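Listed below are the residues making up each chain.
Protein chains: 4
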Amino acid sequence: MQRQLQEEKVFKDPVHHSVYVHDMTIWKLINTPEFQRLRRIRQLGTTYLTFHGAEHSRFSHSLGVYEITRKIINQFERNGYKDWPQEEKLVSLCASLLHDVGHGPFSHAIEHVFQTDHEKWTCDIVLGDTSINRVLREAGEEFPDKVASVIRKTYDKPIVVSLVSSQMDADRMDYLLRDAYFTGVNYGSFDLDRLLRVMRPHKDAIVVKESGMHAVEAYLMARYQMYWQVYFHPVTRSSDMLLRQIFRRAGELYQSGYRFAFLLPQLAQLFERKMTVDAYLSLDDSIVQTAFNQWIRESDELLSDLCRRFLHRQLYKYITVESIDEAFLNGLREEWLAIGLNPEYHLEVDTPIDLPYDVYKPGTAPDAKDKPPILILDEKDRVSEISARSDIIKSIAGLHQGKYAIYYPEEELRERASRLKPSTRELFGL
Amino acid sequence: MQRQLQEEKVFKDPVHHSVYVHDMTIWKLINTPEFQRLRRIRQLGTTYLTFHGAEHSRFSHSLGVYEITRKIINQFERNGYKDWPQEEKLVSLCASLLHDVGHGPFSHAIEHVFQTDHEKWTCDIVLGDTSINRVLREAGEEFPDKVASVIRKTYDKPIVVSLVSSQMDADRMDYLLRDAYFTGVNYGSFDLDRLLRVMRPHKDAIVVKESGMHAVEAYLMARYQMYWQVYFHPVTRSSDMLLRQIFRRAGELYQSGYRFAFLLPQLAQLFERKMTVDAYLSLDDSIVQTAFNQWIRESDELLSDLCRRFLHRQLYKYITVESIDEAFLNGLREEWLAIGLNPEYHLEVDTPIDLPYDVYKPGTAPDAKDKPPILILDEKDRVSEISARSDIIKSIAGLHQGKYAIYYPEEELRERASRLKPSTRELFGL
Amino acid sequence: MQRQLQEEKVFKDPVHHSVYVHDMTIWKLINTPEFQRLRRIRQLGTTYLTFHGAEHSRFSHSLGVYEITRKIINQFERNGYKDWPQEEKLVSLCASLLHDVGHGPFSHAIEHVFQTDHEKWTCDIVLGDTSINRVLREAGEEFPDKVASVIRKTYDKPIVVSLVSSQMDADRMDYLLRDAYFTGVNYGSFDLDRLLRVMRPHKDAIVVKESGMHAVEAYLMARYQMYWQVYFHPVTRSSDMLLRQIFRRAGELYQSGYRFAFLLPQLAQLFERKMTVDAYLSLDDSIVQTAFNQWIRESDELLSDLCRRFLHRQLYKYITVESIDEAFLNGLREEWLAIGLNPEYHLEVDTPIDLPYDVYKPGTAPDAKDKPPILILDEKDRVSEISARSDIIKSIAGLHQGKYAIYYPEEELRERASRLKPSTRELFGL
Amino acid sequence: MQRQLQEEKVFKDPVHHSVYVHDMTIWKLINTPEFQRLRRIRQLGTTYLTFHGAEHSRFSHSLGVYEITRKIINQFERNGYKDWPQEEKLVSLCASLLHDVGHGPFSHAIEHVFQTDHEKWTCDIVLGDTSINRVLREAGEEFPDKVASVIRKTYDKPIVVSLVSSQMDADRMDYLLRDAYFTGVNYGSFDLDRLLRVMRPHKDAIVVKESGMHAVEAYLMARYQMYWQVYFHPVTRSSDMLLRQIFRRAGELYQSGYRFAFLLPQLAQLFERKMTVDAYLSLDDSIVQTAFNQWIRESDELLSDLCRRFLHRQLYKYITVESIDEAFLNGLREEWLAIGLNPEYHLEVDTPIDLPYDVYKPGTAPDAKDKPPILILDEKDRVSEISARSDIIKSIAGLHQGKYAIYYPEEELRERASRLKPSTRELFGL
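Residue numbers (my numbering), protein chains in the order written: chain U, 1 to 430; chain X, 1 to 430; chain Y, 1 to 430; chain W, 1 to 430.
Hints may contain errors.
A pair counts as met if it fits within one copy or between any two copies, since identical chains are not told apart.
Said to hold, decoys possible - Computed list of lysine-lysine pairs in PhoX-like fashion (alpha-carbon distance at most 25 Å, straight line): (1) Lys361 with Lys394; (2) Lys380 with Lys89; (3) Lys9 with Lys153; (4) Lys209 with Lys394; (5) Lys403 with Lys9; (6) Lys89 with Lys28; (7) Lys421 with Lys153; (8) Lys153 with Lys89; (9) Lys380 with Lys9.
Calculated directly from the structure, the hints in this document are not laboratory data. Please read these numbers as outputs of a predicted model, since none were measured by experiment.
Let's have the full structure, built from the sequences with the hints guiding it.
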């Protein structure tokens with residue numbers, strides 16, 4: 001059941017110029033409190049501390065993913081490709097619009113510290129007692145389940161899943177273009193129109209026709225650049241780390257019975273790891289920032305200092321080293337202790353292996369988390385995985401690079417530099 | 001005293017590509033907690049509820065104003081124009097960087113309800129016991145006073161004031177371009193490089209050489225478009241109105257001794273109109289949004305409903321009428337009362353005369369608030385006010401247009417429609 | 001009869017990103033020799049001598065006009081507006097594609113000197129023994145006549161004519177955007193998507209719904225800027241004048257029996273004003289430039305000098321004056337004669353009244369040449385002419401401004417300056 | 001001797017926004033007839049037949065190369081890098097402006113057929129009896145020789161040569177951005193400002209500091225995309241081939257004593273391979289196109305047909321094959337002969353090995369033609385060649401790919417298809 005709006009609705013969007021809504025269901029979903037909440041959650045977490053333009057929200061990204069999905073499906077319908085199951089349009093659009101609705105504030109840090117999972121929250125919101133669920137049920141009692149299973153990647157039409165979740169899905173296409181636009185870098189740009197034009201439904205998959213291979217290369221190169229110049233920027237890594245430290249410290253204090261001068265019930269639930277959907281839905285970037293703002297005045301000096309650092313953007317500095325081992329690190333930790341620094345908080349290491357690096361992965365591992373690879377369809381209807389065809393993609397695929405970074409509070413270390421070993425002083429340029 | 005950084009610092013900026021910092025003072029100012037706070041205050045208040053891209057902060061705008069000022073001065077220096085007082089460079093750059101540092105969250109609404117004044121706060125921050133004041137004093141004991149007097153427009157070099165505050169100042173140039181970029185509209189665009197190239201210092205003023213008159217026209221046309229298509233957009237007016245209602249209601253409740261379930265001390269100070277600089281500096285958009293988020297659960301139904309509307313973006317609807325008079329309005333108010341709506345909150349009128357319309361004002365009123373007009377310098381060194389030269393600017397200047405808008409909660413009115421007069425029903429399309 | 005291509009064809013276009021072709025007729029028309037000839041005729045004549053980027057051809061513009069027309073019609077069809085006569089799609093597309101096919105090289109200058117008329121040539125090509133005619137006839141014996149009558153503005157469906165020829169037609173929309181793109185100015189930009197979205201078929205006309213009025217204002221402001229900053233740029237006026245002088249001189253020589261060392265038969269036909277369609281179709285910018293290139297070596301010194309000036313871009317200089325009268329001009333002519341300059345060629349005046357100024361004309365004069373005005377449709381289905389609604393458009397409409405310009409060969413005048421009257425010397429800055 | 005203009009001159013440029021001229025020598029060079037001639041020579045030869053926007057000239061590219069060189073040198077001067085020899089500014093700017101002044105019309109095709117060499121012509125123009133030479137000599141008797149030796153890459157300051165000619169020189173940076181802009185593709189885009197900011201003079205070379213490595217990768221990826229999507233586009237290869245065939249045929253006819261109905265003396269000199277600088281300077285795209293236009297009426301049917309094909313854009317079609325050998329080709333040639341086609345003209349093969357592929361070459365071969373590689377400077381002042389540092393560049397470097405293409409006149413082959421071998425028919429899809 002797909003009801004059309006009497007008149008199309010248009011959102012002005014800086015990336016796609018316009019986002020068009022024709023279906024009543026989509027329109028109603030956008031206007032639910034749960035979806036509007038995404039306006040209060042930044043798309044790129046702490047990246048705005050590195051690139052000041054990166055203040056955009058998950059709301060605009062979610063509209064963008066919807067719009068790209070809509071364009072892909074329209075192209076399929078306009079050309080009458082028979083491998084596209086037309087009846088799957090609405091479920092595809094809903095899943096693409098809602099795929100991020102379970103994100104919380106700064107979710108990478110929170111998920112890391114408190115072991116939550118935004119995909120699970122998304123499904124809970126889609127299936128729970130929410131406005132979103134009510135809107136979806138208007139399209140059929142089973143409809144929320146269908147949307148949730150697309151998001152869980154268990155839907156029985158793999159082609160629908162791959163629209164929203166593959167190595168060249170609507171999600172990635174939108175965030176690359178959007179993050180490039182708002183940060184102001186221009187490496188993340190590629191020819192979206194062209195890419196959409198060379199996509200074809202083929203059996204259970206979405207493939208790219210051979211003449212579009214260079215367009216895919218351009219997309220992956222944009223992705224490569226965004227990884228190294230934006231997503232893995234060491235200043236962003238440093239602010240993410242600080243954020244995790246704040247949550248870690250606050251959680252420890254809570255567990256130890258510390259009495260917070262300021263603590264909202266939602267955060268208490270988070271620390272207790274017993275969170276209702278309702279409480280989760282009231283979390284947003286504002287609550288986190290307000291907590292940090294108030295915690296500057298907490299009696300726990302470490303928590304206070306970390307919050308002050310975050311809000312005033314006085315981040316840890318870093319040095320990079322080619323390699324690192326446990327013995328070396330233990331040595332540093334002992335030195336830190338000896339000079340009165342806290343090695344649990346004043347020394348963090350970022351290893352290249354921690355980077356969630358997935359510019360492109362050729363294989364489809366049995367692991368359900370792995371996203372389908374990009375497939376090329378040649379003129380004789382043969383399908384092959386793209387890195388078997390493109391030397392440049394083969395060279396990007398699975399590439400691991402980067403150095404180790406050691407983060408530390410510069411001023412505190414500098415004050416105590418005279419008590420460090422000469423080799424340590426040299427390493428940290430003191 | 002102007003110390004150079006050893007190596008220039010560069011901020012990636014989506015509007016100006018790069019923002020360059022060469023002076024130690026500027027670098028230190030940017031890194032003060034007071035300036036970093038601007039990251040947590042949106043440039044366009046509630047406009048993000050109309051244009052979802054408008055999520056940018058006063059931080060990026062302030063850097064942009066600084067950058068444009070820097071470019072203007074560089075052009076003056078490169079060409080060796082003798083009417084530019086070279087020793088005023090640092091004070092000009094500092095004033096342009098700091099001119100908005102006294103803005104609070106959603107300041108148009110807060111200033112309206114609580115009679116605060118961001119310009120006064122800016123001066124208090126520049127002159128008070130703050131990190132900004134300490135950095136400025138490194139450049140001379142009198143330096144903070146100089147910066148403050150530029151911001152107050154009382155500095156004894158009018159040419160410096162006009163860089164930061166005139167009808168074609170760095171502030172306006174940046175916000176037009178920036179707001180156009182982030183909303184995604186392209187009407188606000190004009191040729192900044194060209195405009196900067198035709199500016200000349202001339203005696204105490206900055207003028208535009210005659211051959212650049214069409215470039216100024218383009219700038220004012222962009223301004224005209226941004227006013228009508230973005231700044232005065234009725235949906236933004238509607239969300240601003242809602243925001244003012246929330247503050248008004250919360251203030252009334254506070255005055256009447258209502259016990260808030262959630263109230264941060266900063267907001268209490270605001271309601272009491274006794275705010276310290278320190279408390280003011282801890283205000284930001286997050287605190288306001290967090291308060292609204294918690295107030296949804298307040299026992300005062302009106303406050304709760306207004307906050308819910310704001311956060312869930314369930315704004316008042318509006319109709320437009322060509323004219324309006326008090327008798328008509330009183331009639332509506334009575335009807336509202338009769339059907340159980342609150343005319344103080346459920347009926348608001350926006351008159352064109354309320355629009356802070358200043359695309360361009362030719363005269364320089366004695367009122368110190370009025371900004372200097374745009375002057376054209378002809379080949380014979382005669383200066384004239386631009387609307388005397390350009391028919392199109394004459395037609396824009398002082399133009400008032402627009403209709404009256406009546407805002408109301410649609411659902412509530414619709415439910416009670418049967419009890420309205422037929423003419424009212426027709427007017428509201430019920 | 002409208003046959004679809006099996007697979008859509010796409011042209012990469014810098015202005016519209018892509019130009020889509022679905023109809024076999026359009027595809028075949030693009031591939032005719034007559035249409036391909038447009039690749040060899042610059043869109044903006046001599047403007048490339050002022051803005052070096054303006055080297056684009058009428059070919060790309062013609063594709064652009066077609067694409068905009070296609071988008072407008074698609075919008076009408078998608079929304080099912082009943083006032084749009086669906087059967088007129090193909091004739092509209094063909095007329096928009098072909099409307100400029102009768103343009104010759106530098107046609108403004110040639111039409112001025114030899115009294116030809118590109119619109120007449122367009123119809124001759126559409127109706128004559130050409131590939132275009134043959135392709136059109138495949139769609140029906142009467143089809144070429146229909147296309148020609150749209151171009152002549154006599155077609156019995158005025159709504160079709162107004163797509164291709166009105167004050168806000170596809171032609172103007174494309175050339176403003178295209179000329180802005182290639183010259184590199186950004187004043188000519190407006191929001192095409194938005195403009196297309198507010199257009200509606202209404203009875204026999206295309207109107208704009210009221211909420212789009214500011215979008216129309218932005219379009220007309222862009223037009224105003226392009227007129228003053230590009231189309232009427234005095235350097236372009238100067239090179240146009242030189243071009244007309246070359247044709248005038250060559251024509252005079254031909255009439256007087258001068259034996260050209262180099263003269264292609266097409267040009268001889270032009271001078272004799274007896275040109276066949278076939279000969280006309282072999283004219284292009286290359287032939288004109290090659291003639292000029294060879295004529296540098298002609299024995300007629302005036303022709304040789306004019307050609308050298310044009311090819312080497314040694315244009316006449318100009319001064320501007322507020323007003324001018326015949327007596328004054330006659331005085332100058334006598335002085336020119338007295339010092340050995342040729343007042344017929346070495347002195348030209350450009351008066352503002354000569355400017356083909358039509359940013360916007362409110363009225364529909366009985367003169368068939370006048371293009372329909374822009375109409376606004378309000379919510380109550382009333383139609384009004386836009387300048388009655390918009391103060392800013394009223395102020396632009398019919399505005400005449402600009403000064404008089406006097407063009408002359410600077411070096412030649414400077415050499416003879418001592419023999420000029422003191423007042424003349426002062427006027428020309430000698 | 002470097003004289004400054006009283007007031008800077010500015011060219012509006014779509015790619016760099018503005019091109020600034022401060023030196024009198026540069027200003028005079030731009031205004032020479034030899035430099036103005038570049039306005040009549042397309043930058044991308046026949047590419048406009050594939051991408052209709054690609055109608056830009058070598059004039060605008062030459063200004064762009066100059067502007068980038070100016071920006072690089074300014075950055076070096078502003079930062080006071082001591083390895084940059086400041087006295088080399090003017091020679092660098094002149095060489096960058098003039099490096100392409102020896103290009104003729106469609107020079108890749110003409111150079112291929114008639115063994116001319118644009119670099120040699122550039123030096124002849126710089127050193128010969130030309131306006132350019134006279135302007136250069138005003139800056140010193142030896143100055144033209146210095147400029148010529150930079151262009152020949154024999155200048156004794158290698159750092160100057162590498163500005164104009166290396167694997168990341170001002171020439172390549174400009175043409176990538178410019179060709180992307182005019183074709184309308186966006187794969188050729190990279191962050192020029194950032195790239196310029198990471199360049200450093202280091203001893204005799206220009207190097208890139210390590211933190212800029214990803215910016216260089218982005219530049220080379222843009223280059224890779226432009227090669228495959230624009231420069232090697234098979235339709236462009238096909239039109240280039242046609243152009244070479246026309247010159248080949250016309251040359252053969254000339255050698256064999258054929259009497260041309262139309263033949264300009266410049267072309268006769270070209271066919272005789274005895275061309276003066278003066279005659280060469282009168283060649284331009286117009287003369288070539290005019291010749292083709294007239295040759296359509298030549299009695300030699302082959303020449304006439306080839307010219308008609310070129311002007312009317314009726315190009316040869318192509319098929320691609322993975323590999324090819326001489327026996328196979330000889331077979332095809334015999335078949336062609338047997339069915340009345342001319343294998344010398346109606347069958348051409350494009351092999352990947354013919355592609356002038358140089359996205360990046362790591363080594364510096366002894367061959368003087370080879371351009372210096374890109375060098376990375378690390379924090380410890382060590383220099384290394386970039387492909388030793390970047391896996392992705394290593395994978396691009398020297399990569400050869402692509403298939404073999406066979407070009408042929410489709411209609412002619414189709415008419416005779418019944419007389420071809422079945423395997424040939426299948427291969428050509430007949």
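Going down the list of hints, with the structure as the test:
1. For the homomeric pair Lys361 and Lys394, the shortest alpha-carbon distances inside one copy (9 Å) and between copies (19 Å) are both at most 25 Å.
2. For the identical chains of this complex, Lys380 and Lys89 are neighbours neither inside a copy (29 Å) nor across copies (37 Å), given an alpha-carbon limit of 25 Å.
3. Neither within a single protomer nor between protomers do Lys9 and Lys153 lie at most 25 Å apart by alpha-carbon distance, with minima of 30 Å and 36 Å respectively.
4. For a Cα distance limit of 25 Å, the shortest separation of Lys209 from Lys394 inside one copy, 18 Å, qualifies, whereas the shortest one across copies, 27 Å, does not.
5. For the identical chains of this complex, Lys403 and Lys9 are inter-copy neighbours only, at 24 Å across copies versus 48 Å inside a copy, given an alpha-carbon limit of 25 Å.
6. Only within a single protomer do Lys89 and Lys28 lie at most 25 Å apart by alpha-carbon distance; the minimum there is 17 Å, versus 35 Å between protomers.
7. Taking the shortest alpha-carbon separations for Lys421 and Lys153, neither the intra-copy value of 53 Å nor the inter-copy value of 52 Å comes in at or below 25 Å.
8. Taking CA atoms no more than 25 Å apart as the test, Lys153 paired with Lys89 passes inside one copy only; the shortest distance there is 16 Å, against 44 Å between copies.
9. Within a single copy, Lys380 and Lys9 get their C-alpha atoms only as close as 42 Å, which misses the 25 Å cut-off; across copies the closest is 21 Å, which meets it.
The structure shown violates the earlier hints numbered 2, 3 and 7.
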